[in-house]
Amino acid sequence: MSFRADQRGQIRVIEALFASLLILSTIALVPSQLGVKQTHYNTLYSEGAQALVSLDSNGMLSNMIEDSNWASLKHCVQSMLPVSLWFNLTVFDENMTCLNDVFVSNGSPVSEEIVAVNYVCATSSGNYAVYTVQLQLAEAS
Amino acid sequence: MGRNIRNRKNSGQTLIITALVIALLILSVVYGVFEAGRRSEMRSATTLNSPVLATKLGLRNTVTSSLVNVSNGGENGILSTNLNEYASIVGNQSYFGKCTVLFTALNVSPYQSGMWISWGSDGTGVSGAYANFSLVFTRTEADLQLEHATNVTTRLDVEGTYSKLGGASKQVNVTCRVFNEGEAALANNITLYYEHDGDPSDQDWIAAPSPSVTDYGNGTYTISFTAETQTINDPMLVSAHVYDLRDIFVLANATCTEI
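Going line by line, the protein sequences match chains A and B. Okay, so the first sequence: first residue is 1 according to the numbering used here, each after it adds one. Okay, so the second sequence: first residue is 142 according to the numbering used here, each after it adds one.
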């Protein structure tokens with residue numbers, strides 16, 4: 001009788017452990033899903049920022065903005081980003097007035113999740129100016 | 142008998158609660174380790190790299206632009222003005238957090254307000270700018286402070302020789318070497334002048350007529366031309382005016398040696 005009662009207790013403990021493990025695994029999955037979203041955001045942000053830094057490192061970005069050469073700017077950005085990415089680039093001056101009178105974009109957004117990269121671009125020419133470049137990115141989900 | 146049953150029931154409940162507590166502890170530890178790893182990875186790999194690079198690049202462009210301006214006749218104070226403008230705009234942006242830019246234009250000789258313009262007659266000319274920066278990135282998870290300095294310098298070395306051709310004519314060969322931050326660099330434009338009477342006080346500089354330029358592709362240029370001085374014994378003074386690829390202007394004067 002006593003032996004049977006002990007067995008029942010062990011089974012309850014095992015049941016409780018299994019239940020705990022179930023709860024544990026369920027809860028553990030939640031942050032990992034959040035992490036996936038965050039990593040996705042960071043990847044897009046990083047790709048956009050790196051493209052802009054590369055363009056700016058040799059002075060091309062500020063030169064194209066100063067010359068209002070939006071077609072070349074579009075081609076340069078397009079060549080530096082993966083083909084599966086949608087982008088839309090907008091250039092603002094110090095007063096946040098939009099400078100590009102044409103769309104610097106490669107089409108329509110392919111996802112509702114859009115990441116915006118704001119980049120401050122300073123010219124290295126004698127006529128100093130600071131532009132804010134906003135690069136919006138989206139990836140096919 | 143009834144008391145035994147009650148004891149057994151209580152013992153089972155305690156075991157279950159203990160198991161739950163242990164499971165929660167394990168859960169907390171696993172979650173804590175996972176979250177810490179994720180935050181650390183985010184911070185180091187992605188979050189700060191781009192803003193730091195972008196800000197450093199912007200500051201370098203700002204210093205370069207100021208030097209272009211000053212070397213072409215602008216005021217030294219333009220460096221502080223431009224850096225203040227850049228810091229103000231960057232401060233209003235938030236990449237992943239707030240960025241504050243603090244700067245100090247170098248005021249130690251030979252620099253004045255961060256600028257060093259030395260266009261000497263000993264064959265060397267320097268146009269330089271130097272500023273120290275402190276970047277403070279403030280985020281919810283962590284703060285980061287970076288110290289760095291930006292140095293933009295264009296140096297020109299000029300040396301030359303000449304030989305008398307007859308009358309007041311001289312065959313002049315001048316070598317110009319251009320450096321950016323101590324490394325050989327290409328020039329965008331070189332203009333050469335010589336002093337008509339060999340006396341620089343009257344500033345009677347004449348552009349070298351039909352110069353023959355050889356570009357060695359490594360920042361070294363030789364320029365040959367025929368000069369007509371006032372008299373045959375006038376010393377041959379030359380002045381090289383150079384714009385580098387960044388449009389920074391530098392000039393250097395040199396006295397050529399007779400061969």
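One or more hints might be untrue.
Unchecked claim - Here are some, though not all, of the chain A residues that point toward chain B, as calculated from beta-carbon distances under 10 Å:
1. Ser57
2. Met60
3. Ala71
4. Met80
5. Cys121
6. Ser125
What the hints assert, rightly or not - Covered by chain B, per the in silico footprint, the following chain A stretches (three or more residues, Cβ under 8 Å):
7. 20 to 26
8. 81 to 91
9. 104 to 115
Because the hints were derived from the structure by calculation, they are not lab data. For each residue, glycine too, the CB sits at the ideal point set by N, CA and C.
Hints and how they fare:
For serine 57 (chain A), the suggested interface contact is upheld, since its CB lies about 6 Å from the closest CB of chain B, less than 10 Å. Because the beta carbon of methionine 60 (chain A) sits about 12 Å from the nearest beta carbon in chain B, more than 10 Å, this interface hint is broken. Interface restraint check for alanine 71 (chain A): the shortest CB-CB distance to chain B comes to about 23 Å, outside 10 Å, so the restraint is violated. Annotation: interface hint on methionine 80 (chain A) violated; nearest CB of chain B at approximately 14 Å, more than 10 Å.
Taking 10 Å as the C-beta contact cut-off toward chain B, the hint placing cysteine 121 (chain A) at the interface holds, the least distance being around 7 Å. Here the hint on serine 125 (chain A) is kept, as its CB sits about 6 Å from the closest CB of chain B, short of 10 Å. Counting residues of the region 20 to 26 of chain A whose beta carbon lies closer than 8 Å to any beta carbon of chain B gives 4, which meets the minimum of three for the stated coverage. Taking a C-beta to C-beta cut-off of 8 Å, the region 81 to 91 of chain A contributes 0 residues in contact with chain B, too few for the three needed, and the coverage statement is violated.
By the rule of at least three residues with a Cβ nearer than 8 Å to a Cβ of chain B, the coverage given for the region 104 to 115 of chain A is violated, with 0 such residues.
Hint check: violations occur at hints 2, 3, 4, 8 and 9; the rest are consistent with the structure.
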